[in-house]
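Novice: The primary structure of each chain is shown beneath.
Number of protein chains: 2
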Amino acid sequence: MKTLVIVAHPNLVDSGTQKFLKTSLAKMDSVTWHVLNEGHFDVTAEQDLLQENDRIIFQFPLYWYSAPAILKQWEDEVLTRNFVYGTGHALAKKELGIVVSTGDRQKGFVAGGEEQFTLSELLRPYQALAHKGEMTYLPPFPIFQFAYLSEQAKQRLLVSYQQYITNSDFESFHGQELWFEQQLSKKISEVQGSSNSQKTAQILGVIQDNRENLEELGWTLSMIKDDEDE
Amino acid sequence: MKTLVIVAHPNLVDSGTQKFLKTSLAKMDSVTWHVLNEGHFDVTAEQDLLQENDRIIFQFPLYWYSAPAILKQWEDEVLTRNFVYGTGHALAKKELGIVVSTGDRQKGFVAGGEEQFTLSELLRPYQALAHKGEMTYLPPFPIFQFAYLSEQAKQRLLVSYQQYITNSDFESFHGQELWFEQQLSKKISEVQGSSNSQKTAQILGVIQDNRENLEELGWTLSMIKDDEDE
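For the record, the sequence lines run as chains B and P.
Positions 1 to 230 (the UniProt record's numbering) are the ones given, in order, by the first sequence.
Positions 1 to 230 (the UniProt record's numbering) are the ones given, in order, by the second sequence.
Careful: at least some of the hints might be erroneous.
If several chains are the same, the list does not tell them apart, and a pair holds so long as it fits within one copy or across any two.
No more than 25 angstroms apart at the CA atoms, straight line, and that leaves these computed lysine to any residue pairs for SDA-like [stated by the list, open to error]: (1) Lys107 to Thr87; (2) Lys187 to Leu119; (3) Lys93 to Val7; (4) Lys154 to Val7; (5) Lys27 to Thr17.
None of these hints come from the bench; they were simulated from the model.
None of the values given here were measured: they were computed from a predicted structure.
Using the sequences and the hints given, assemble the complete structure.
Specialist: Right, here's the structure in full:
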């Protein structure tokens, strides 16, 4: 699976969040980090880039409950009617994900809260775009008040984010386990021969055993469920 | 009441809808027609303009379920945190209205429809902005498929639009009647002495009689209601 991360941020160099996210993806294969810059877009080049990828990510800080203007300009110029739904559906079956950061508190995004609406509601225009283009809309990936996160919370965020970008099945526990196994196998081949290599291999062994046990449990449960349904 | 119409349209000269709307307001007092042009904004001048007006209108064609990028850029630059909700609430108690045109069919904007969401849902980011700034959010004024409207439908649209922009109480029937009376009085003073003047005065008389009759009916109904509640 190939992923295109479209980064829309007017002050990218000053953004700690974006720096962190970029570093998180440093060793990830099949990821294209694509920063939008002021000015007009090369429509054909942008459309080609979209077609080469399977998962498209809009990544931005929330400004007035939406993306910064630069992403909208990109949408207005690049996503021509004919490309998205007119003569063909060039984006059909691709995935659309939203990585959105905000300095506002998570608890404000609720009816009666400070922001009055949930992020799911505020991001409807992107969901509608995905629908029009026959894309699969992924659950948005929100980052609230990054600057206040503990180191531990940032590490958890890093792993979730890596999966949101590169794991084709990031929503199921099974998919997450498989992804971890892949990452560890890669790690082992990288550090071959060192003492870390052995430790990592042991961890991988434990995770694989766990997964096999869980898969067996899953089978047993589904058999019990089948019996009950009869 | 003073109204500021902020027009965001990348191809204004080619837009029949915008031409029609502009003409509709030609003889309206207290309306400022403010077109956003490409480039950066004079933040102080824009903020002053906002403060001089009571009703703020965002007027635009719907591009990808939102305003064209130029309006978002204006929002991102002009609506600074301190201006809207930081140190003060410069827009508090002002009204925010949305005039949005689309070539898509009205019936598509519904769950299960072609666009999947209602316009009310898609415009949530503006509603959230109004909430944050302690503004009153007006029911949006949508224009569907303008090019296909009959002449009669366009005339009805013209009058509704004029009221959306200039009538402080456009939602109640009583407010609409008062507005019509004002418009006719203005018309009469303009055409003083001509044969049209007499006809217009007669129409005004009929409307005024009607309103008085309706007001009496309203009183009677509210007395009946009071009796029932006791």
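Novice: Check Lys154 against Val7 for me: Cα-Cα at most 25 angstroms, and say if that holds within a copy, between copies, both or neither.
Specialist: within (20 angstroms within a copy, 42 angstroms between copies)
Novice: For Lys107 and Thr87, with the copy left unspecified, which applies at a CA distance of at most 25 angstroms: within, between, both, or neither?
Specialist: Answer is between; shortest inter-copy Cα gap is 22 angstroms, intra-copy 43 angstroms.
Novice: At 25 angstroms max between alpha carbons, let me know whether Lys27 reaches Thr17 within a copy, between copies, both or neither.
Specialist: Classified as within; 18 angstroms inside a copy, 51 angstroms across copies.
Novice: Cα distance capped at 25 angstroms. Does Lys93 pair with Val7 within a copy, between copies, both, or neither?
Specialist: within (22 angstroms within a copy, 36 angstroms between copies)
Novice: Between copies, within a copy, both or neither: which fits Lys187 and Leu119 at Cα up to 25 angstroms?
Specialist: neither (36 angstroms within a copy, 49 angstroms between copies)
In this structure, only the earlier hint numbered 2 is contradicted, and the remaining ones agree with it.
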